[in-house]
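*Asks:* So you can see what is in the structure, the chains are spelled out below.
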Amino acid sequence: MSMAKSSQAMGYDYPDARGHFGPYGGIFVAETLMGPLKELREAYEVFLKDPDFLAELDIDLQHYVGRPSPLYFAERLTRYYGGAKIYLKREDLNHTGAHKINNTVGQILLAQRLGKRRVIAETGAGQHGVATATVAARMGLDCVIYMGAEDIQRQAINVYRMKLLGAQVVTVESGSQTLKDALNEALRDWVTNVDNTFYIIGTVAGPHPYPALVRDLQAVIGRETREQILTAEQRLPDALVACVGGGSNAMGLFYPFIGDREVAMYGVEAAGDGIDTRHHAASLCAGEVGVLHGQRSYLLADEHGQVIETHSISAGLDYPGVGPEHAWLKDSGRAHYVAVTDAEALEGFYSLTRQEGILPALESSHAIAYAGKLAEKLGPKKIVVINLSGRGDKDVHTLAAREGIEV
Amino acid sequence: MSRLSAMFEGLRSEQRAALISYITAGDPQPAATVELMRLLVEAGADAVELGVPFSDPMADGPVIQRASERALTHGVSIGDVLAMVAEFREQQPDVPVILMGYLNPVEVMGYEKFAKCAADSGVDGVITVDMPPEEAVDLSAALTTRGIDSIYLLAPTTDPGRVHMICEQASGFVYYVSLRGVTGAGHIDIAEVEQHVRDIKTQCNLPVGVGFGIDSSQVAADMARFADAVIVGSAVVRRIEQANGDMEQIRQSLPAFIASLRRAIGKHPQPLAATP
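Note that the protein sequences, when read in sequence, are chains D and W.
Residues in the first sequence are numbered from 1 upward in steps of one, following the working numbering.
Residues in the second sequence are numbered from 1 upward in steps of one, following the working numbering.
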C-alpha cells in the first residue's frame, strides 16, 4: 500500500517540494526548527514509501486501532432527514474514540525510527492528547501534552485519561488559553528540546511536512470508505461531509476522492453563535489569508493581523486557523466549505443520538447537522457519507451543563 | 552607507562590540516607548531593537510574551510602532532601529506598503522571526528596494550549508541565537556559542550579533569577546515589567543596567551622553 500513489494517479500532486499547496502551506518557523523539520521531512519521504514501515503501520491500524472502521448505513437517520441515503464512517469506534489515533500510531513509529525518547503534543478537545498519550504509553516514551486552561476545564475527563496514561499535562495560561496557545507552547518546548523530542502535531496544519504527513496518515479513512461504498452501493457517493477545525478528519476522508470529480466534498466549520457575530471559528468561511503556526492559510485575525479569539461549543473546532490544503481546495473550488452554529450542531447531536443510538462528538455533530440539510436538498436517489470523526462521551458534561443537569 | 553599516564600521575602529537593546513597542504603554528608546541610547545602547507586539509570539519566553500582551491591551498596531520609530528618528538621526516581530501583521499590511512605511519612518533593519529566508524572497526584495536590511537568525541547529545560504541572503548583520530555546531562557553555554560564532565568521562577511538569554553584564562581556554585537532583550524588558508601570522607577533602574552592560562589553568605555 503506497501512501502517495493515489494522489499522483489523479494528477493532483500537492504539496510541492517546499510544502506549498498553491499559495498556501510552506514553512514559517523560527530558524531553530528548520533543522528538525528537515529531519522529519526526510523521514516522511523515506518511511511513508518504505514497505516495512507501512506493513508495521498496517498491523497497528488493524490490531491496535481496530481498523477498518465500519461504513454504516444510517437507515433511520436517512428517513428522519427524508432525503439522500446517509452513511456514517465510524471513526468513533476506533481505539480512544476518534480518528486522531490514525495519525498518532503513524507518527510514533517515525519518532521511534528517529530515535526520539520524548514526544510532545498540543490538544484542544483532548482527543489528540489522549491519542498521543496512548501511543506513547504503548511505546514507553516520555509524553508531555500542552492544553489551554479553558479547554482543561471543559474537557476534564480527557485530562484525567491522559494522566492515567502516564502523560504530563501542562496547563497553558497565556493568550486565550485554548488550542492556539497550546500550540504556541508546544512549539516553545520543541525549540528548547529539539535534540531528543518529537512533536506529534494532531492536525493537517503547521509547517511542512506536517500537513502532508497527517493527511497521508489519515487518508486510510477515505481509502476504506471508497472500497466500502463500492461494495455496498457499487458506486461512489455523491457527497462527503466532514467537520473542519484544523481539518484532519476531513482531509483524511477527502484526499482519496479528490480525483473523483463527481464526488462533492463539504467541509463544515463551526459558526458558533453565528458567522455574523465575532463568536465563531469559521476560518475558511469568514477569515482572510494569514500566517500562523508555521503555515500560510486562512486565518481569523483582526485588521492589524492579531489573531482573534474564537468560539465554538466544541473545543476541537475552536481554532482560528485551518490546514493549508483546505485553503487550496476552497480556492480551486474542489471542495466547499460551510458553517453551522452551536445550536444546529446540538440538533445534529440529538438527531443522531435518538435515531441511531450513537452519541457523536460535538465536532462531528457539525457534520451531521449540515449533512441533514444537504441530504434533504439532494433527494432520495443520492448518497451522502458523513465522517463520524469521534464519539461524544467526552462531551457529556458540556451537554449536561447546558441542560442544567449535574452529572 | 546604511546606519547599521556605519555603526559597525565605527565600532570596528573602536574595537568593541555593539550593544543592541530590545524593548517591546507599547510596553508598558504606548506613550512610553519613544522615551524608553532614548533612555537606552543615552545609557549606552548603540542600536535599538523594537519588538512589534503579536498575539502569538511563539519564539518568545514568558517575559517578552507578557510585554506583548501588555502592549496589545493598548491596541498597539504595527502602524503605531512605525509612528513611534518616526518620532524617535526625529530626535536621533543616526541610531539604527531594527524591528523584530512575526510575519502576520506585515502580511496583513502588505509587503510593499510595510516596506515603504518602514523606510519613511526611518527603520534600518527587519527581523521576521517566523519567516526563514526560503519564504522571504518577496518581502526581502521589497525591503532591499527601500534600503532596509533583512536580518536573519542563525541557530545552533543550523547546518553549515544553511549558514552559507542565509549569509548570502542577509544584509546588515546576522543574528546568532545563542541557545536552543525561547528568548530569555537561562542555559547559555558560552564555549559552544563561541565555537559556532567563529565557524559562522569563516563563511560570512557580515557582522554576527548574538542574542537570547544574555541576562547579565558578565555574560555580555563574555559574548563581546567574539561577537560583533551583543543583543539584550528579556533582561531589559524584565526591568520594565518590575516597575509595574511606574515610569519614574524605570528612569532610575533601566539606564544603570544598560550602562553596566555597555561598560562590560566596551574595551574603552565611552562617557555617557548627557541627558537632556
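The hints are simulated quantities; they were obtained by calculation from the structure and are not laboratory data.
Note that the Cβ used here is the ideal one computed from N, Cα and C, for glycine as well.
Just so you know, not all the hints are guaranteed correct.
[To be verified] Heads up, simulated DSBU-like pairs for lysine-lysine below, C-alpha to C-alpha not over 35 Å straight-line: (1) D:K377 / D:K38; (2) D:K330 / D:K382; (3) D:K49 / W:K113; (4) D:K38 / W:K201; (5) D:K381 / D:K330; (6) W:K116 / W:K201; (7) D:K373 / D:K330; (8) D:K330 / D:K377; (9) D:K163 / D:K38; (10) D:K49 / D:K330; (11) D:K330 / W:K113; (12) W:K201 / D:K330.
[What the hints assert, rightly or not] For each label pair, taking beta carbons as the anchor points, the in silico distance ranges come out as: (13) D:H63 / W:H74: 35 to 45 Å; (14) D:T171 / W:D199: 35 to 45 Å; (15) D:E406 / W:K113: 17 to 27 Å; (16) W:E69 / D:A343: 26 to 36 Å; (17) D:I308 / W:K113: 18 to 28 Å; (18) D:T171 / W:A221: 31 to 41 Å; (19) D:V46 / W:Q91: 49 to 59 Å; (20) D:R138 / W:S260: 35 to 45 Å.
*Asks:* Now, for every hint given, state plainly whether the structure supports it.
*Replies:* Verification of the supplied hints:
no. : hint                        : verdict
1   : D:K377 / D:K38              : violated, 47 Å
2   : D:K330 / D:K382             : holds, 23 Å
3   : D:K49 / W:K113              : violated, 45 Å
4   : D:K38 / W:K201              : holds, 24 Å
5   : D:K381 / D:K330             : holds, 27 Å
6   : W:K116 / W:K201             : holds, 32 Å
7   : D:K373 / D:K330             : holds, 20 Å
8   : D:K330 / D:K377             : holds, 21 Å
9   : D:K163 / D:K38              : holds, 32 Å
10  : D:K49 / D:K330              : holds, 28 Å
11  : D:K330 / W:K113             : holds, 28 Å
12  : W:K201 / D:K330             : violated, 46 Å
13  : D:H63 / W:H74: 35 to 45 Å   : violated, 57 Å
14  : D:T171 / W:D199: 35 to 45 Å : holds, 40 Å
15  : D:E406 / W:K113: 17 to 27 Å : violated, 55 Å
16  : W:E69 / D:A343: 26 to 36 Å  : holds, 33 Å
17  : D:I308 / W:K113: 18 to 28 Å : holds, 22 Å
18  : D:T171 / W:A221: 31 to 41 Å : holds, 38 Å
19  : D:V46 / W:Q91: 49 to 59 Å   : holds, 57 Å
20  : D:R138 / W:S260: 35 to 45 Å : violated, 53 Å
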